[in-house]
Every structure is written in structure tokens, then in C-alpha cells.
Amino acid sequence: MESNEAARRVLALPVQAARGLGEGVRAVFAHVGSIAWLLQMCVKAMFRLDRETFALVREVTRAQIRFTALDALPLCTLAALLIGGITLLQVFGQLSTFGVETALCQVLAQLVIRELGPLLVGVVVISRSGTAIATEMASRQLSGEIDALHLSGVDPVQYLLLPRLLGGIISLFALIVYFDTVALLGGFAVAWLRLPLSLTAFLDALMRAVGPRELSATFFKALVFGTAIPLLCCSFGLRVRRSTTEIPQAVTRAAVGSLAILLLAGAFLSVLIYA
Amino acid sequence: MPEALLALRGAALEAPGGGRVFQGLDWELKAGERWRLRAEPGSGASALLRLCAGVAQPAAGSVRLAGLAPDVDRRHPFVAAGGLGWAPTDGGLAMNLSFLENVALPLRFVRGLDREAAREEASRWLDLAGLGRLKGQRPPVPAERSCWLASLARAGAKGSRLWLVDRPAGELDPAAARAARNLLAEAARDPEAAFLVVGGDWMEGPVRELALVDGRLAFGSGA
Chain W
0 MESNEAARRV LALPVQAARG LGEGVRAVFA HVGSIAWLLQ MCVKAMFRLD
50 RETFALVREV TRAQIRFTAL DALPLCTLAA LLIGGITLLQ VFGQLSTFGV
100 ETALCQVLAQ LVIRELGPLL VGVVVISRSG TAIATEMASR QLSGEIDALH
150 LSGVDPVQYL LLPRLLGGII SLFALIVYFD TVALLGGFAV AWLRLPLSLT
200 AFLDALMRAV GPRELSATFF KALVFGTAIP LLCCSFGLRV RRSTTEIPQA
250 VTRAAVGSLA ILLLAGAFLS VLIYA
Chain A
0 MPEALLALRG AALEAPGGGR VFQGLDWELK AGERWRLRAE PGSGASALLR
50 LCAGVAQPAA GSVRLAGLAP DVDRRHPFVA AGGLGWAPTD GGLAMNLSFL
100 ENVALPLRFV RGLDREAARE EASRWLDLAG LGRLKGQRPP VPAERSCWLA
150 SLARAGAKGS RLWLVDRPAG ELDPAAARAA RNLLAEAARD PEAAFLVVGG
200 DWMEGPVREL ALVDGRLAFG SGA
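If you're matching them up, the sequences are chains W and A in order.
If you read the first sequence in numbering that gives the first Met the number 0, its first letter stands for residue 0, the second for the next number, and so on.
If you read the second sequence in numbering that gives the first Met the number 0, its first letter stands for residue 0, the second for the next number, and so on.
To give a feel for the contact side, a few chain A residues facing chain W, derived at Cβ under 8 Å:
1. Val-71
2. Ala-80
3. Trp-85
4. Pro-87
5. Pro-105
6. Asp-113
7. Lys-157
A few chain A positions that, by computed beta-carbon distances, are all more than 12 Å from chain W:
8. Glu-2
9. Gly-18
10. Gly-23
11. Ser-61
12. Ala-68
13. Glu-143
14. Leu-171
15. Asp-172
16. Arg-177
17. Pro-205
Everything labelled a hint here was simulated from the structure, so no lab data went into it.
Note that CB positions come from ideal geometry on N, CA and C, so glycine has one too.
Full structure from sequences and hints, please.
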């Protein structure tokens, strides 16, 4: 009798594992679905803009860019300098084993521009702005502010969502370009200390390493991350309905969901562009 | 016969935990009418306003706002045009904006005013609400009666045609009550404006009485 029960439990394990996997996949599709739904609302809201609401959206978008991009510069600078320097040291250690130090700049540029830059900027934006957006939306939803905005004739999509979407895309693009530049300069500083490498040679190697594919990777990753992060964080914040205890849960879910989307979308785009 | 701005037909509202807050409500509010709703605290007056505005959806029956069912999740032409003056107990103000910006913001959407013109108009209505010295400040948390007064100013500045006014948080001092009366009197100069005001004696002129008792509407004599 007991052995039957044990056997049943063992046989149930693959089913439970499959169910867990299925729930994970379903959750990812649910996230993508909520982003798509909010995105179509933003696109419709964009077509409804008139002269004055356009000016208002521009003002709020500017404030978003200041918070998301400008205020994040010190953290991005520190991260970029360290990542650039450390990556160069690691790559140099590996390449010198094979005697191909000349490929150093190329490998560094490709690593930073293709993968590290967009990924780390995404993490910085999620940790600073994504969590702030989710908290703000949850608080506004809970206090009835969003209903009151709607009832007073303010379009919440135009006033709240659209500037965060536009601000996210512009900020991500600007931060990725800035991060890549600083990381490469940081890498050059380390290289200059350890190798007989001139700035001209470094820039020459860099120009050879950066092509249309690197530029399109930067553009598309900024576009996808800049769309997904603010909209997903808005979506989690707006789902809060009953109590303030839901706010930290919503913020955690927003951060985790955004990270998952960041990693999956980053990998998907890399495969798409470089494979 | 003018079409009702607001019409309830057999409307019922369910409480979040189950059970009915009220049911079978039949009532109409036409342009130019002024109604005062008498209701004990906790009897569902705020819930009735939320139902009328579309923040809550009826469990049975129907609610029509300017001929269409209101719903805060959908665009409603009357609401989007600034026709609804919404003054909940806590004011429903954005906490990250000053009083002035809170009143000016809807003017840019519904009246297409530029930033300066919207601030000027908002400033006039805040003065009328007795909040002139608080213009640059952000609303206090928790909400005080200044937030409720500011929501009246916001409704007035837009030129709302239908006012849904809940009671303020706490008692109004004589100066605040006088400011509320002045502001509503200014709004009532529009002969098409219709009002449903919970409690208080802030409406001047002929006001019809309505009471919410045991989940049902009772019509008083009124003027």
C-alpha cells in the first residue's frame, strides 16, 4: 500500500515539474500580453494628442527623462568604468594565453556594445525607475487618484503612461550609448596602463569592430527594453486594488518580471541579429 | 422634455464582501436641477456617487451618464469633455502636484488652455475656494477639507455641467463653508448646471431633497 503511494508520488514529479514549467511560460506570455495591451492604448492615445496635450506630454516626458537618464548618470558612469576595465583585464588574460592580444579592442567593443551595455543599463533602469514607476502607479491607483484624474477629464493614458513609455525609450537609448562610450574609455584606460596601446590604435580597432549590426543592436534593444520596462512596471502597479500591503509585492513582481523580460528579450534579439 | 444628465434605473450596488449596499434605485437628474442627498455617514452616499460616476459598476439595473453607461476604464465623451464635476471626500487630487497644478491640469485637457492661461484660471477658482495662500503647496496627507475645496475649484474651473459632490473630510469652519457656498453659487450661475450634493447647506436657491435610507432613495418635499 505504502509502496503504491510512494510510486504514485514519484510518477507525479514529472507532471508537477511540467506544470511548473507551464506556469512559468504562461506568466511570461501574460507579461508580454499586458505590455502589448498597454502599448496599443499608448499608440491610440498618441493619435488623440492635440496641440496643448502634446505640450503637456512633452513636459511630463522631459521630467521622466531627467529622472530616468540624467539622475542615473553617476551610477552608470561608475558601473561603466568598472565593467570596461574589468572586462578588458579578463579578456586580456584569456587572449594573451593564445597570443592574440591584437583582437583585444574588437572583443571588448563587441562584448560591451552587443551585450553588457544594454543589459546593465536595463538593470540600472529597472532598479531605479522601474520600481519607482510601479510604486507611484500603485499608490495612485490605491488612493483613487487615477479615477479622479479620469473623472476630471484628464486622459490617464496620455498623462501617465505615454510620457513614461516615451521617456523610457529615449532614456534607455541615451544611457546605452553613454554607458558603451564610458565603458570603452574605461577599458582603454586599463589597456593604456598595461599595454603599449595608443588612443589612435584603440579608436582604429574600435571603428573596425563597430558596424551596422552593433548600431542596430543598440537601437533595437533600447526600443524593446525602453518599451517593456516602464509598461510592465505600470501594469503591475495598476493591478493593486485593496491594500497598501500590496504595494511592495507589486514592486517586487514588477522588478522580477522586468528582469525576466530583459534577459529573454536581450537573448532573443542577440540571436536574431548575430546568429 | 430635456434628456436626463444622470439616470438610475433599478440600480443596485454590491458591497465588496457580498450583500447589497442598495438596490432598486430609480432617479433622474436633469440639467439645471439641484439636489441635496441626506444620508447618515456609512449609509452608502459615497458609494452612490461612485456608482453615478462609473467608479463602481451596478450589480443590477443601469446607470446612464449623458445617455451612456459610465465606466472609469473606458473613455466617456461627457467625462472626457470635462462635463463631470467630481468632488469626493478626499478631493481625489494628485499628491505630486500643487493645488494650483491640480486645478490647472484638467483645463489643458478639456479646454485646451496653455499652461499660463490654465494656471490663471485655476488661480481664480482657488481664490474663490479660499485657498489662495495654499496654491503653491502640495495637498496634505491624509486629505483635509482643503483637498475637498480644491476639488470644487477644479470642477468649477472646467465649467462642469454635472456636479457630484460628496461631504468634506471633517467639519468645515465658517470661513471654509462660506467659500464652498460662494464657489457653488458661482457654478450655479450656469442655468444648465446640475448638482447632487451630499449633506451640507452649501447650495443656495431652490434645492430638492433626497434621502438614502436603508439602501433606498426617499424623496423629500424640498423646494
